[in-house]
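K.L.:
Using the hints, position chain B against chain A.
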Amino acid sequence: MRVVGTVALLCTLAVPVRAVEIPPAERRSGYEFMSRETRAMQDDDAANPAMLWVLEGEALWARTAGAGERACRDCHGDARSSMKGVAARYPAFDATRGRPVNLEQRVNACRTERQKAPALAYQSRELLALTAYLGRQSRGLPIDIATDARMKPFLDAGRAAFNRRQGQLDLSCAQCHDDHWDKRLAGNAITQAHPNGYPLYRLEWQGLGSLQRRMRNCMAGIRALAPEYGSAEFVDLELFLAWRARGMKMETPAVRP
Amino acid sequence: MRGVLVGAAMCVAANAVAADSIPESLTGARGDPVRGRAIIVNRHLGLCLLCHSGPFEEQRFQGDLAPDLKGAGARLSEGQLRLRIVDNSRVNSATIMPAYYRTARLARVAPAYQGKTVLSSEQVEDVVAFLSTLRD
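Protein chains in written order, with our numbering: chain A, 1 to 257; chain B, 1001 to 1136.
These are computed hints drawn from the structure, not numbers from a lab.
Every residue gets a Cβ at the ideal spot worked out from N, C-alpha and C, and that includes glycine.
Errors might be hidden in some of the hints.
[As the list claims (entries may be wrong)] To be clear about the criterion: a stretch of chain B counts as covered by chain A if any three or more of its residues have a C-beta under 8 Å from a C-beta of chain A, and this derived list gives those stretches:
hint, stretch
1, 1044 to 1057
2, 1109 to 1122
[To be verified] Straight-line Cα separation of at most 20 Å, EDC-like style, residue types lysine to aspartate or glutamate; simulated pairs:
hint, chain 1, residue 1, chain 2, residue 2
3, A, 183, B, 1064
4, A, 183, B, 1068
5, A, 183, A, 58
6, B, 1070, B, 1136
[Stated by the list, open to error] The following residues of chain B were derived to be distant from chain A, with all beta-carbon distances above 12 Å:
hint, residue
7, 1034
8, 1075
9, 1105
10, 1132
11, 1136
With the rest of the complex left out, here is chain A:
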């Protein structure tokens, strides 16, 4: 009888429990989990180390590059007005590719197609500087990605990737970031994994990093195979993260521990 009881219990427990998406009212930026000192660093441009990249991005914006001999500014003018709110809409649908592209890919499309300059590598100082500068023009504005029918398959793919268990430790992003964001992994707050501060200065990196770099860190932690930088899979994940964080204010360039 006891054995039967145990078996029945095992069967009940075997029903998979799906992660619960965070209701809008409970969403919290990574900022809210930080110490007072780290928040102060993000809030004060003079103390925020990421501002070095923003300044560099501002210079690159105005600098002629490639065989086209044109600068970003030659087409777009003053980024403070022309690029206001742009980063908050990425990843965005790109009709040529028939799929969403992230801000890095958008910048590189302008470089290769319009400036006739080589694409910038992920994590290169220039690409981080330009995306930080663009992101800065959306600071304080709400994430506002398109979610029409064209985007849906990619959003669904991103959601599936977020919910899929992976790696030797067999964990999904959702198991930590949806189900346990109010808990601590060893000494560290787990947080909700919102993308609203990228690219950002991470104290652990001693430098600026992209959202994909941050995702790769989590993948390494669960001993999972990370997709290539710029792969469709990563962009779909970025899209899902942006959707999850829709309406949240951009903080780029943020600071994180």
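P.N.:
For chain B alone, kept in the frame of chain A given last:
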């Protein structure tokens, strides 16, 4: 009915799992509780304190994602502890606790870890031996 270990196959045969426990040692020998404690507090090897807390006064940062390990040896038999370390998903399929001695049913494992269990059979026995000493 002896529990059958599938030699080097790094998994425990289903018939070695009696309902809620793996009664027999994976190595045929008893583990070493001193080594087991060291594995548990090691954040790169056991990883246990990322999620669990426990009676490890010298460890500053402990997790709060999982039950305190204090008293685990009083709540659970040695065989029950072994099953939970080997593959806790057999107790709770939705668990977040990694299976420490299983290589099947894993997706997208990083190349350096492919085909490898998180802990060796000896290490699992060391951990079980230590947990069994946590009686109050």
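K.L.:
For each hint, tell me whether it holds in the structure or not.
P.N.:
Consistency of the hints with the structure:
Interface restraint, the stretch 1044 to 1057 of chain B with chain A: holds (4 residues with C-beta to C-beta distance below 8 Å; minimum three). Coverage of the stretch 1109 to 1122 of chain B by chain A holds. Counting CB-CB distances below 8 Å, 7 residues qualify, and the rule asks for three or more. The suggested pairing of residue 183(A) with residue 1064(B) holds, with an alpha-carbon distance near 6 Å, which does not exceed 20 Å. The suggested pairing of residue 183(A) with residue 1068(B) holds, with an alpha-carbon distance near 14 Å, which does not exceed 20 Å.
Among the hinted pairs, residue 183(A) with residue 58(A) is inconsistent with the structure: their alpha-carbon atoms are about 39 Å apart, more than 20 Å. For the given pair, residue 1070(B) sits about 7 Å from residue 1136(B) by alpha-carbon distance, which is consistent with the 20 Å threshold. For residue 1034(B), the condition that its CB be more than 12 Å from all CB atoms of chain A holds, with the nearest at approximately 23 Å. No beta-carbon of chain A comes within 12 Å of the beta-carbon of residue 1075(B); the shortest separation is about 15 Å.
The beta carbon of residue 1105(B) is not kept farther than 12 Å from every beta carbon of chain A, the shortest such distance being approximately 8 Å. Here residue 1132(B) stays apart from chain A, with its beta-carbon at least about 21 Å from theirs, past the 12 Å limit. For residue 1136(B), the non-interface assignment is confirmed: its Cβ lies about 25 Å from the closest Cβ of chain A, beyond the 12 Å cut-off.
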